[in-house]
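With these hints in hand, go ahead and build the complete structure from the sequences.
4 protein chains.
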Amino acid sequence: MSGSTFGTLFRVTNFGESHGPAIGCVIDGCPPGLELSEADIQPDLDRRRPGTSRHVTQRNEPDAVEILSGVYEGHTTGTPICLLIRNTDQRSKDYGNILQTFRPGHADYTYWHKYGIRDPRGGGRSSARLTAPMVGAGAVAKKWLRQQYGTTFRGCMTQLGEIEIPFESWDHVPHNPFFAPNAGIVPQLESYMDALRKAGDSVGARIHVEACNVPVGLGAPLFDKLDADIAYAMMGINAVKGVEIGAGFASVAQKGTEHGDELTPQGFRSNHAGGVLGGISTGQDITVSIAIKPTSSIRTPRASIDLAGQPVTVETHGRHDPCVGIRATPIAEAMLALVLMDHALRHRAQCGDVRVDTPRIPGRAPD
Amino acid sequence: MSGSTFGTLFRVTNFGESHGPAIGCVIDGCPPGLELSEADIQPDLDRRRPGTSRHVTQRNEPDAVEILSGVYEGHTTGTPICLLIRNTDQRSKDYGNILQTFRPGHADYTYWHKYGIRDPRGGGRSSARLTAPMVGAGAVAKKWLRQQYGTTFRGCMTQLGEIEIPFESWDHVPHNPFFAPNAGIVPQLESYMDALRKAGDSVGARIHVEACNVPVGLGAPLFDKLDADIAYAMMGINAVKGVEIGAGFASVAQKGTEHGDELTPQGFRSNHAGGVLGGISTGQDITVSIAIKPTSSIRTPRASIDLAGQPVTVETHGRHDPCVGIRATPIAEAMLALVLMDHALRHRAQCGDVRVDTPRIPGRAPD
Amino acid sequence: MSGSTFGTLFRVTNFGESHGPAIGCVIDGCPPGLELSEADIQPDLDRRRPGTSRHVTQRNEPDAVEILSGVYEGHTTGTPICLLIRNTDQRSKDYGNILQTFRPGHADYTYWHKYGIRDPRGGGRSSARLTAPMVGAGAVAKKWLRQQYGTTFRGCMTQLGEIEIPFESWDHVPHNPFFAPNAGIVPQLESYMDALRKAGDSVGARIHVEACNVPVGLGAPLFDKLDADIAYAMMGINAVKGVEIGAGFASVAQKGTEHGDELTPQGFRSNHAGGVLGGISTGQDITVSIAIKPTSSIRTPRASIDLAGQPVTVETHGRHDPCVGIRATPIAEAMLALVLMDHALRHRAQCGDVRVDTPRIPGRAPD
Amino acid sequence: MSGSTFGTLFRVTNFGESHGPAIGCVIDGCPPGLELSEADIQPDLDRRRPGTSRHVTQRNEPDAVEILSGVYEGHTTGTPICLLIRNTDQRSKDYGNILQTFRPGHADYTYWHKYGIRDPRGGGRSSARLTAPMVGAGAVAKKWLRQQYGTTFRGCMTQLGEIEIPFESWDHVPHNPFFAPNAGIVPQLESYMDALRKAGDSVGARIHVEACNVPVGLGAPLFDKLDADIAYAMMGINAVKGVEIGAGFASVAQKGTEHGDELTPQGFRSNHAGGVLGGISTGQDITVSIAIKPTSSIRTPRASIDLAGQPVTVETHGRHDPCVGIRATPIAEAMLALVLMDHALRHRAQCGDVRVDTPRIPGRAPD
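Same order as they appear, the protein sequences are chains Z, R, Y and U.
Residue numbering for the first sequence follows this note's numbering, beginning at 16 and increasing consecutively.
Residue numbering for the second sequence follows this note's numbering, beginning at 16 and increasing consecutively.
Residue numbering for the third sequence follows this note's numbering, beginning at 16 and increasing consecutively.
Residue numbering for the fourth sequence follows this note's numbering, beginning at 16 and increasing consecutively.
Worth flagging that the hints you see were computed from the coordinates, not collected in a lab.
All C-beta atoms in this analysis are idealised placements derived from N, C-alpha and C, irrespective of residue type, glycine included.
Take the hints with a grain of salt, since some may be wrong.
Chain Y side only, calculated, beta carbon under 10 Å to chain R, not exhaustive [what the hints assert, rightly or not]:
(1) S19
(2) I38
(3) P47
(4) T94
(5) R133
(6) P135
Laid out in structure tokens, this is it:
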């Protein structure tokens with residue numbers, strides 16, 4: 016229980032380091048009979064993989080996934096599915112100079128003090144590269160949820176540094192490297208990132224993800240509330256420092272008459288709840304917003320200490336994402352899918368198939 | 016696994032409903048030999064209990080805790096500690112009129128659709144009353160952590176509705192019903208709440224909690240990151256819609272040069288990390304901020320549907336907190352303590368006693 | 016995770032000590048909508064309770080169960096069910112003399128060395144009294160399984176000390192204090208126990224339990240095999256030293272041609288498997304046999320050491336069962352029911368409702 | 016939670032099928048700083064691997080293990096250790112004829128009814144081949160326990176079919192293919208197996224394993240008793256039908272005066288307890304005996320049914336172990352090591368380092 020397993024019934028056990036021979040995961044508890052091949056998983060991995068624009072790390076990883084187990088003649092068998100991704104573009108020498116010091120804002124310091132040993136190659140286990148297997152597992156969850164309930168997932172960047180990105184259309188998202196839902200703002204984002212890179216600095220971002228067509232009734236009263244599990248999943252993504260469900264921090268200043276989503280036979284009138292009440296899904300869209308901090312590995316010199324506790328100046332070279340938020344959208348989607356998948360199975364366990372003996376109202380608020 | 020157990024090594028299993036005969040919890044995994052009696056637990060319960068000012072629910076519950084097991088001659092034995100709190104002031108008739116309808120923003124709707132049955136008496140299991148046993152369990156965790164590491168916990172309200180509460184001093188917190196760290200603002204908070212109550216409305220709040228003197232090294236790389244588990248714990252508190260660690264959402268607009276906390280032999284220069292890097296504690300104070308939504312049970316009439324899906328108007332009478340955030344501070348402290356306690360035991364399991372073979376720097380940033 | 020929770024989806028968390036104020040358990044994960052009251056649980060508790068014949072401990076406990084939560088208007092709500100049983104006949108002075116020594120064969124020694132503290136009153140947590148809440152939880156599981164699948168449970172004693180008890184009929188079991196399936200042998204068992212009591216000694220026993228009308232498909236390939244979980248459940252009962260499924264140790268000397276149960280359209284021809292193949296139920300009766308050691312608390316003087324490691328002679332007075340096996344039958348039935356209940360929910364989670372797309376053959380072998 | 020993870024703090028997640036591309040496991044929770052390479056693991060795998068004598072399956076697998084993660088510069092880092100073993104000698108056509116039928120005594124029937132799909136290639140997930148990764152994980156646990164406490168493990172065959180094998184010396188075990196602790200009986204075992212193979216039949220076996228130099232205090236009162244977890248681990252090994260701790264089923268006929276192991280300042284006088292009292296280790300050797308059923312895949316024709324429920328005759332060709340018990344000794348040792356490892360970490364979590372404030376007596380009974 017050093018924490019490398021995510022989920023309770025749809026369990027994903029993650030392994031690997033940034034510059035080891037391979038990374039991967041084992042998915043235990045997948046329902047049998049799901050049609051599955053690498054082709055179902057690779058597209059989401061491709062959305063996340065590095066080296067696809069000048070605004071992300073230049074490490075070139077194909078992130079080709081191999082299914083090692085759990086699938087027979089193109090269908091899941093109900094036994095563990097091992098996904099393997101070989102690392103192919105390690106350059107560990109890039110990191111040699113940081114072995115004796117701690118980068119400000121980096122897990123260097125905490126790993127060293129916890130374990131008395133750390134794998135410095137590419138950040139080792141603390142690298143965001145370890146989200147790749149989760150994106151793979153998320154693709155399996157997404158496929159099952161879509162077939163079973165029609166549930167779908169999507170996400171976009173809503174802020175890059177100080178630049179807020181006004182929502183225009185989901186259609187824009189796949190057509191720019193930022194997952195921005197706004198085509199017009201892309202040039203501004205690009206020059207912002209170019210300047211940042213030149214300055215040897217990094218910046219934060221805000222990401223929004225949502226699930227649509229969610230069955231009502233997923234979750235638990237306490238403690239495994241659907242929103243609590245979502246918060247756990249999101250805060251577990253590298254560099255995330257804040258999580259909101261629905262109205263989030265805006266609900267602090269709201270009155271009850273404003274916040275509580277009214278119900279009509281035609282559906283909910285609003286969605287401040289973000290699709291969760293009392294820890295259980297309402298059938299509304301589940302909406303989540305996360306804050307991602309700036310990358311800690313930057314070229315600008317910074318004050319730190321070495322292993323002996325003496326003051327040093329640290330500057331980090333090598334290949335890094337100047338804004339890890341840029342590639343975070345598919346990761347957050349995947350984590351949201353994994354949470355819903357887990358609770359879908361938990362619901363079946365305790366309550367059997369989704370209940371239909373009372374009227375359901377449409378989950379989506381009218382636009 | 017319907018989710019009523021919190022923690023992995025220091026496990027708290029919660030039971031009860033708002034208007035049932037009793038609520039309580041079973042704490043499994045407490046280290047043996049801790050001096051413990053009801054007197055260690057009651058003070059925190061008293062900080063949370065209802066009926067202590069006109070700004071909270073007028074339900075009068077002494078919340079007297081009884082230790083049923085796990086303690087022998089004043090010391091914990093290492094076996095499960097059952098805490099029992101009898102409910103004494105139920106008035107379930109207050110809720111009779113809501114049995115056929117769903118309150119907007121309330122768990123009524125989701126419980127009904129998940130389980131096909133709901134206990135309407137005082138919100139049943141969805142009541143914030145179920146946080147009382149967690150406050151009790153948190154008091155046990157606090158005592159052990161204080162003895163073992165000197166770790167302490169504190170919290171305060173930082174915003175009530177639109178009113179931001181400037182921090183003045185921790186000394187003010189115990190002396191007003193809002194847990195406000197500012198004596199001068201209390202009259203404004205009181206008249207705000209009086210007006211709200213008169214209007215039959217409710218409002219949100221923001222709470223800050225922190226842990227001081229935290230050992231370095233608590234947490235795990237993934238997925239049971241210390242901050243992920245904190246997010247899970249906080250989002251699992253009733254009515255919470257957002258969680259931040261350290262700089263939180265402010266880190267979106269920060270540069271890496273600003274956000275990354277520099278290290279010196281005298282300690283960290285700042286604490287944007289909120290005490291966690293790579294999912295593991297740095298030894299800095301752990302700082303957490305949460306958003307609490309307005310109560311859904313309000314007197315103002317609102318649109319809803321009944322069990323048959325027909326439109327109705329709902330107004331809720333009975334005794335409710337017009338701002339559940341007012342009593343949330345000791346709850347958030349308790350949940351933070353439970354997370355740290357769990358990870359302290361997990362650390363001992365994998366890594367043995369806290370490591371001392373490298374220099375540690377002071378965790379607290381200079382004021 | 017000090018181990019006081021049994022099960023994964025139908026989770027039972029046990030608390031209490033033999034001479035504390037109360038014992039009990041919290042059942043988490045029970046499906047909603049099950050009709051349930053104390054009257055469903057008390058009969059099984061009465062079958063297990065002490066003081067009902069001269070062959071068991073003379074401690075007089077009504078073992079009256081109280082449901083503290085999780086039931087509303089006579090039906091389970093899907094939230095945790097707390098069962099409470101008050102201790103009423105403690106006489107802790109009986110045990111005063113053993114506080115400085117270790118009884119041979121007793122948990123005294125191990126508790127002391129593990130925890131550095133032990134509750135000596137009636138054996139504290141190590142008392143078989145703690146099986147009472149499990150019998151209560153088992154009654155809930157039995158009721159649900161009977162309603163859902165028609166599954167039933169039964170058990171009997173098959174050996175007392177050297178006396179093997181030939182099976183005659185299940186009808187005899189409720190009519191003698193030994194749960195013997197043979198009326199004629201009861202006088203012999205009684206005089207055997209009388210002599211044993213007079214001699215200040217104790218003796219072991221063998222118990223057989225089975226489940227009938229078990230759905231095919233419960234269990235998992237590895238490690239949570241149905242038979243592995245049964246072994247865990249049975250070996251976890253106080254004083255159990257051996258567990259067999261189906262042919263058990265007899266299968267060592269069997270040939271494959273003898274052991275493998277042949278299938279016909281009319282059903283299995285035999286049941287050496289004991290109802291489990293590859294860790295998954297076949298639909299045959301699940302048959303389990305357990306060995307229970309003699310009670311360690313006996314009047315006969317024995318060699319031991321005291322807390323300082325010095326040699327002493329120990330003899331134990333007070334009220335004890337001279338054969339704990341006598342009351343073990345309802346306990347073993349309950350544990351078997353809890354295992355099946357857990358796997359029934361796990362099956363629903365991963366595979367949905369029981370599959371019916373291939374022919375099933377009768378599970379019971381012809382007599 | 017389809018059950019592919021073993022352990023709670025030292026967690027081993029197993030994946031793969033007999034004839035898939037690879038099998039393996041992920042070990043999560045290993046303490047950091049343990050010197051580890053493939054050379055520590057391979058010897059135990061070699062003891063278990065097939066094709067080493069004419070008495071076991073002729074499948075030729077080198078079972079070469081590769082460490083994919085969790086080790087840096089020859090030491091464990093505290094992060095997950097993935098062990099990968101490629102399958103190299105699959106011949107799946109051997110199994111083509113059994114796809115439409117069910118082998119008596121085989122998991123064919125139960126997998127099909129549970130999942131609606133099964134991987135027939137070499138038994139798929141139900142193959143004993145999946146114990147190989149556990150032997151690998153067990154080797155890691157053994158190394159840590161030996162370094163930390165001096166704990167060692169050993170095992171031997173005590174019965175093959177009707178032939179009981181009198182214990183002579185541990186020295187004989189490595190020098191015959193049966194793990195027999197008796198050199199003189201080996202010719203008899205060989206001719207027995209030769210006759211069996213010729214007859215197209217299979218047979219059961221009994222295996223004894225033990226742990227020496229076990230720290231006192233490992234385990235938990237209930238339910239995760241050390242012996243309960245051992246029973247779970249052993250019954251989870253393929254083909255096991257019975258488990259005994261210490262005196263096992265012999266304790267049924269024992270008196271308390273005989274069974275309870277007396278204590279003296281020089282140590283315990285006997286070890287009927289098998290090293291466990293009240294679910295917690297005494298420091299005595301932990302002794303375990305298991306019954307292994309005969310292999311179900313045999314050449315002799317047997318009655319069965321096909322997928323349509325029609326009667327058929329089944330005979331199984333291909334490569335199988337005529338007695339799976341022959342290779343079971345290293346498997347049982349590994350599982351015992353995994354249980355002790357898990358409880359060693361659990362003990363550290365709750366109770367800190369092993370207690371030394373009271374006199375300990377030698378665990379081993381005098382010979």
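**Violating hint indices (sorted, rising)** = none
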